[in-house]
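Peer 1: Required output: the full structure, derived from the provided sequences and hints.
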Amino acid sequence: MIQGKLPQEDCTKLVPAPRSIKDAGTVLLIYAAEALSLVTPRRDRQSIILTQMRMLNSGMLQNIAPEAIVAPLITADYDIVDLGILLEDLGYAGDLYALTRPLPRAELVIREVGAACPRLTVRLLEIG
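Positions 1 to 128 (full-length UniProt numbering) are the ones given, in order, by the sequence shown.
Honestly, the hints are just simulated from the structure, not real lab data.
From the three backbone atoms N, C-alpha and C, an ideal C-beta is built for every residue, glycine too.
Please note that a few of the clues may not be correct.
[To be verified] Label-pair ranges, simulated between beta-carbon atoms:
no., residue 1, residue 2, range
1, Ala-76, Arg-45, 29 to 37 angstroms
2, Leu-108, Ile-85, 12 to 20 angstroms
3, Thr-26, Asp-77, 21 to 29 angstroms
4, Arg-43, Pro-104, 35 to 43 angstroms
5, Pro-104, Ile-49, 31 to 39 angstroms
6, Arg-42, Arg-119, 24 to 32 angstroms
7, Glu-126, Arg-45, 22 to 30 angstroms
8, Ser-37, Arg-105, 20 to 28 angstroms
9, Ile-74, Thr-51, 15 to 23 angstroms
10, Glu-88, Ser-47, 18 to 26 angstroms
11, Arg-42, Leu-108, 15 to 23 angstroms
[As the list claims (entries may be wrong)] Below, simulated EDC-like cross-link-like pairs (lysine to aspartate or glutamate); rule was C-alpha separation at most 20 angstroms, straight line:
no., residue 1, residue 2
12, Lys-22, Glu-34
13, Lys-22, Glu-126
14, Lys-22, Asp-95
15, Lys-22, Glu-67
16, Lys-22, Asp-44
Peer 2: Here it is in structure tokens:
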């Protein structure tokens, strides 16, 4: 596990995510169909785009202009830090939600990802 070296007060704080994700106008779900129950897709309120990490590029992000991105905390091929670094490299600097089961020390995950990806606002979406 990567340990961030930033003082805790400089890192992203844990915030309640489900209400925030419902407020986002455009949500990009990256290999995260489980998150569909947490969003409210409506033509006049919220757009949902499903994709995979391998499909991401800067043009896609500019065209979609997501207000929030949701992806699993860890998959067989990558974890949320890998995705966060890619998103920053592609120019994204918004909300990144990590989809996970409840964790005993969630703030440690948020600090780790926040330290590796300082331009992202990292939050957890705990399911199950």
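Peer 1: Each hint needs a verdict: does it hold in this structure or not?
Peer 2: A quick look at each hint next to the structure:
| no. | hint | result |
| --- | --- | --- |
| 1 | Ala-76 <-> Arg-45: 29 to 37 angstroms | holds, 34 angstroms |
| 2 | Leu-108 <-> Ile-85: 12 to 20 angstroms | holds, 18 angstroms |
| 3 | Thr-26 <-> Asp-77: 21 to 29 angstroms | holds, 25 angstroms |
| 4 | Arg-43 <-> Pro-104: 35 to 43 angstroms | holds, 40 angstroms |
| 5 | Pro-104 <-> Ile-49: 31 to 39 angstroms | holds, 32 angstroms |
| 6 | Arg-42 <-> Arg-119: 24 to 32 angstroms | holds, 29 angstroms |
| 7 | Glu-126 <-> Arg-45: 22 to 30 angstroms | holds, 24 angstroms |
| 8 | Ser-37 <-> Arg-105: 20 to 28 angstroms | holds, 25 angstroms |
| 9 | Ile-74 <-> Thr-51: 15 to 23 angstroms | holds, 18 angstroms |
| 10 | Glu-88 <-> Ser-47: 18 to 26 angstroms | holds, 23 angstroms |
| 11 | Arg-42 <-> Leu-108: 15 to 23 angstroms | violated, 36 angstroms |
| 12 | Lys-22 <-> Glu-34 | holds, 14 angstroms |
| 13 | Lys-22 <-> Glu-126 | holds, 14 angstroms |
| 14 | Lys-22 <-> Asp-95 | holds, 13 angstroms |
| 15 | Lys-22 <-> Glu-67 | holds, 11 angstroms |
| 16 | Lys-22 <-> Asp-44 | holds, 13 angstroms |
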